[in-house]
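2 protein chains.
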Amino acid sequence: MTALTAHSISQLDAHWRAANYLAVGQIYLMGNPLLAEPLRPEHIKPRLLGHWGTSPGLNLVHTHLNRVIRERSLEALCVWGPGHGGPAVLANSWLEGTYGETYPDVSRDADGMAKLFRQFSFPGGVPSHVAPETPGSVHEGGELGYALAHAYGAAFDHPGLLVACVIGDGEAETGPLAASWHSNKFLDPVHDGAVLPILHLNGYKIANPTVLSRIPEDELDALLRGYGHDPLYVTGSDPAQVHHAMARAMDHALDRIALIQQEARTAGTDPGRKYARWPMIVLRTPKGWTGPAIVDGDPVEGTWRAHQVPLAGVRENPAHLRQLEDWLRSYRPEELFDADGRPTAQVLACVPDGEHRLGAVPYANGGRLLRPLPLPALDQHAVPVDKPGRTLHEPTRVLGRFLTQIMRDTAGRRDFRVVGPDETASNRLDDLYGATGKAWQGITEATDRNLSRDGRVMEILSEHVCQGWLEGYLLTGRHGLFSTYEAFAHIVDSMVGQHIKWLKTARELSWRAPIASLNYLLTSHVWRQDNNGFSHQDPGFVDHVLNKSPEVVRVYLPPDANTLLAVADHALRSRDQVNVIVAGKQPCFDWLPIDEARTHVTRGAGIWEWAGTDHGSREPDVVLACAGDVPTMEVLAAAALLREHLPSLAVRVVNVVDIARLMPHEEHPHGLTDPEYDALFTTDKPVIFAYHGYPWLIHRVAYRRTGHPQLHVRGYKESGTTTTPFDMVVRNDMDRYRLVMDVIDRVPGLAGRAEGLRQAMADQRIRHHAWIREHGTDLPEVADWSWPY
Amino acid sequence: MTALTAHSISQLDAHWRAANYLAVGQIYLMGNPLLAEPLRPEHIKPRLLGHWGTSPGLNLVHTHLNRVIRERSLEALCVWGPGHGGPAVLANSWLEGTYGETYPDVSRDADGMAKLFRQFSFPGGVPSHVAPETPGSVHEGGELGYALAHAYGAAFDHPGLLVACVIGDGEAETGPLAASWHSNKFLDPVHDGAVLPILHLNGYKIANPTVLSRIPEDELDALLRGYGHDPLYVTGSDPAQVHHAMARAMDHALDRIALIQQEARTAGTDPGRKYARWPMIVLRTPKGWTGPAIVDGDPVEGTWRAHQVPLAGVRENPAHLRQLEDWLRSYRPEELFDADGRPTAQVLACVPDGEHRLGAVPYANGGRLLRPLPLPALDQHAVPVDKPGRTLHEPTRVLGRFLTQIMRDTAGRRDFRVVGPDETASNRLDDLYGATGKAWQGITEATDRNLSRDGRVMEILSEHVCQGWLEGYLLTGRHGLFSTYEAFAHIVDSMVGQHIKWLKTARELSWRAPIASLNYLLTSHVWRQDNNGFSHQDPGFVDHVLNKSPEVVRVYLPPDANTLLAVADHALRSRDQVNVIVAGKQPCFDWLPIDEARTHVTRGAGIWEWAGTDHGSREPDVVLACAGDVPTMEVLAAAALLREHLPSLAVRVVNVVDIARLMPHEEHPHGLTDPEYDALFTTDKPVIFAYHGYPWLIHRVAYRRTGHPQLHVRGYKESGTTTTPFDMVVRNDMDRYRLVMDVIDRVPGLAGRAEGLRQAMADQRIRHHAWIREHGTDLPEVADWSWPY
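Chains as they are written, first to last, in my numbering: chain H, 1 to 789; chain G, 790 to 1578.
The set of hints was computed from the structure by calculation and includes no laboratory data. Be aware that one or more of the hints could be misleading.
Straight-line Cα separation of at most 25 Å, DMTMM-like style, residue types lysine to aspartate or glutamate; simulated pairs [as the list claims (entries may be wrong)]:
(1) K504/H <-> E609/H
(2) K274/H <-> D1010/G
(3) K1293/G <-> D569/H
(4) K1293/G <-> E1456/G
A few chain H residues that don't get close to chain G, going by computed Cβ distances all over 12 Å [as the list claims (entries may be wrong)]:
(5) S121
(6) G203
(7) D678
Note that the coordinates shown come from a computational prediction; the quantities given were computed from them, not determined experimentally. For glycine and all other residues, C-beta sits at the position ideal for the given N, C-alpha and C.
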């Protein structure tokens, strides 16, 4: 660590002033970018949008990251938690040249500066937040909470990478961020890169002081040490002093990181390796620093009033206009830009070269680094199926063996991880521990099993952190899977929504290379929460994601183990998507041999001829449709009852594995055309559809189909408790007996002919209720059922 | 604080052993509850379900809470974070007698004990978790994360109440819990009760060690001090020693709480009042303590293997059966229960009386304490509307004045709070600060505004904490409102799902008195996120809640300020519901005088005759329907265009304020009957429906209606960015011009007649695009539009 010269400080300050000038310009100006003439109202945008408050702090961090990256030839990326400070990050990208390289018409000159200013938050321009459109970004700063988890996700398995992460003191109040601090217990200094958290205490949110800026300093220090960090404090409002302090803190932090890594990498996997206390920086500077101190008599700089647009009435109010001009000129733009608007050498002195620039680092455009996964042949992991419905397997356990092989085959590359909230074993994926351990840097005890410092199974009891880690990992060019209890996927509803928005936008940007899809395995699902009951029963995550961009979202409900394998294989090859796979962990009948499973997944929906009695091309009397493992079993059991008791009834069985197939072809790339749909479901025959989740989802995707008026859906209707598996389907009217009754009620002319059968079915339901109350288990004929044909 | 005598300790231990015995019995036994004979396989349940691991710890806490409640005559309730330890809480409730008082057939004797055992996790019995069915509970321990926020919510404005809160070390890893620690900065020792967090480090989750149990002790201590607590440690596995230590810690903590409260209440609102460091207890005992140490050669007690059912094969495996019997007998049941199964005096010595018992405290059945809110007359706050569509008001600001009056009128009672994630002012509710401040116990500065120690507006940048606080507040008998940005309501999707499940179940329990509804104001909505763009645009929270129990859920989309007032008035009077109100904060046309608004809300949907041209009873040619403020404006603008250009077309305008009206009458208590629906929408005329959110929601609620094939819905289809308000509706094809084109396309015979108008509308859309790119603002004829008739 060397003391900075006055010359270096003046270079850093020039860069910072330039970035601040450009940030203010973006918020306000649509003309006169270099202040070549006095500001006039027509130079001002008609709608003033943007967030000034955090921008000078972000500019300071970017400036100082530039210096250390350049001096140390670092590979670094930065996660900008306060990404609503878009003007700051855009300003820096333009200064370092990556913006103009990505968008050549926004060149690094006066003309480009004018475009940079005008396009910001302007219709047809660029969003006000750091977004996929921003070079170097892997994190949209709109919905706060995920910055630190994203940073860790980016650092895992990138041992040469430094991930700086700016955390706003507003964001620090959120739950996901608060939980993410403990990510350092899962980061291996040998195989992973480093995360440098920079907690920016500018003191205020939109309208309130922040908690962490208003607790006693010793309490804050204790908190950060409690998180396992050694905090370095940079505090002040005098730029020169803050530059000095920030440079010192950066150097200190990077030296310390290098030392931790060196020690760990020398010690290797030696169990005596130290528990690392990573450095972090606490940056305490005024909100809206260098902006207007007072506006209309109220303090603005250093208060919440600086959050967005400090001077609101610039177009109409000459005093505000003059104050804006003074503010802009306070950065002395004439020293920072030449007559053509190009940044001077002094401004650019700290900027790194080429791919070392934060806007050009390939890690932030992860698709450029992505390699296809080595996927094992499915036949190696498939279960044999001689006859359908005779053997049972736990689908997720079969999947676990497939994932284990991938884990083994990526042992050297280290670009595949499985995350989950303490449920990997519960979800029957524990074969994975034959190939890798569970990441863990905490204290260990003799009774522990499968923990390891370099494990690539990640378990923390926070769905938010799991999701954030995986997003960061994928966005920086790797592969992964998130396994979780189905009901608790809702915990990350908002996160997946933001990730889908990111992918939707990124797909439209030619310079962003496709990344691996985010794959969910939702298991321990609604029908088999025997142990936990009502609180663990919610199949609605599928409904949530299907509201989002259809080009991004896929939902699969494989009915058995082999189909799950085929779906997983497909999902792990896909790019830029969110694949939601819902599959059970309890023993489930095997229906399809692997070749048929693969074909079935490719088709997404198909007639199971062996299960029906409509004999191929014959028009059926009724269609029994199903999606999901438990519904498939109930439909098959209903089909068997009908074949036994009403042998002349032509029943067609259709299984749907890819829910989007039901959607109109025009609305989803997987949607069936109307003739394709009609060929499966007919246009006029009753369709009794047993669906895994909320029944109205099927109506909402299929309402435009010709046969929709004949569609009758059974599914989960929020009736649950701790009870037996079959009682769950009875409670929700999706059991085999009810389905047979539905057929009798809906096939014209059947009601009279099958009155006895209908009564027998109703009696079975009554018998069921009596039986479980006495025995606590399901009816023997249900528990012991298998496909009889 | 006095040292406990050996006698007291033996009484506490007897109670604890009894509770442990009863917990094990619930998991395993369906006969022979008192071990009157050797255990045989037929005494064992066929399905072994339940969570043993946490139960002995919960029993210890309950036992020791009993002692201090009894000795100090406390009013206390306990939030059991590890509520999956249902057997423990049920055991204690049965011991103290509240279970038998609530459910008389489960009496405190051998017969009742047999029922207690058998019903647990048995079909038709009780859930395995602490649930609404559990006396004394306000918290279901299924989805982890919300215990501490619930505890604070319960303590606010209950100055005489102690809320103990057990936090499992698994739950402590979740984001919401991690954020909730800072709730102590919002708790006023004068007007609020006390929260005593008890962090239970039993070391393991389902299958992994926990983070907080495996960091260095000094780091844990720093963390808890960083949270603002003074931790007291109780560590051990020797019962006698732990009893002593726990009793000391409890006494110390309660003495300290009493001192903090006394000092603060003496000092009053003196600004020099101290920043309180509240005590908390860290309880470090083995998971599955007192259970089987080793099973089949593997360590179980003190490891994750004790999480659920430590002995799994009891029915089939004689060795396991013997081990279970030894385990049960290790509690010496013969000392704890008399021959009739009644707990002995020794066991009951620590149990408090009457409503001091944790299972009987009225705070945990909050409806018993609930008083109706004093609601101001709507006329006092309504805006005058002489003619529709001429004046503009910010609806949420008008609502804010109404809420302010309520805040004022509850200043003495203190049973109404407004929570929000730093958005109360942004959401234009800041008139509230005229009646109360924002709760804040942190350091203050001279520039601060509206912070106060006893404020009843609660702002923390965590939707999770806001939601948890409000749930706890409502469940203990008070009223409130949660205002938040619409898009970020998804952050609490899972929490509201759990609360709806709670309410659904609680409504079915006659002994639970109805509580105030959870009211959401979703604003800063999808159509007016000018500043923030795509990441802030998501109207899907409504879709999420509408999947849940219809008896609980209501969704309102008031089209103007007066309608919002009428909706809020209705919501604040309702009970046991979740009311989602979506309303804008931007200036919005006033359409209805307050009397009409009130009638409109009562009807939920109605024909706006003044806006249409179908003149009352005449059959219209087309129905223009709308739900939401922006859709209503676009529909009215389209209706005006049609009236001007196609005066002979009979247009009916229908506004829907209560979305459930569209659902079938059989499926939702607010659903219209078919004749009612048909009277509004016709059975065969084209209906062009402009809806606030995802358009398919309308199809999914209305698909059974006769006229459904003629229903054409426009809404948000995930097309957004930072742009102008009108550009948002154009991007999503919901603008007035597009609606007119839809009418022309769908009314039979109109296409030819109105070709010119259709072209003019298409041209206007093109003009719009050109205009915003040049000017950055909306077309003048849109920006200046008002209802012209």
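Quick rundown of the hints versus the structure:
no.	hint	result
1	K504/H <-> E609/H	38 Å, violated
2	K274/H <-> D1010/G	20 Å, holds
3	K1293/G <-> D569/H	40 Å, violated
4	K1293/G <-> E1456/G	15 Å, holds
5	S121	5 Å, violated
6	G203	9 Å, violated
7	D678	16 Å, holds
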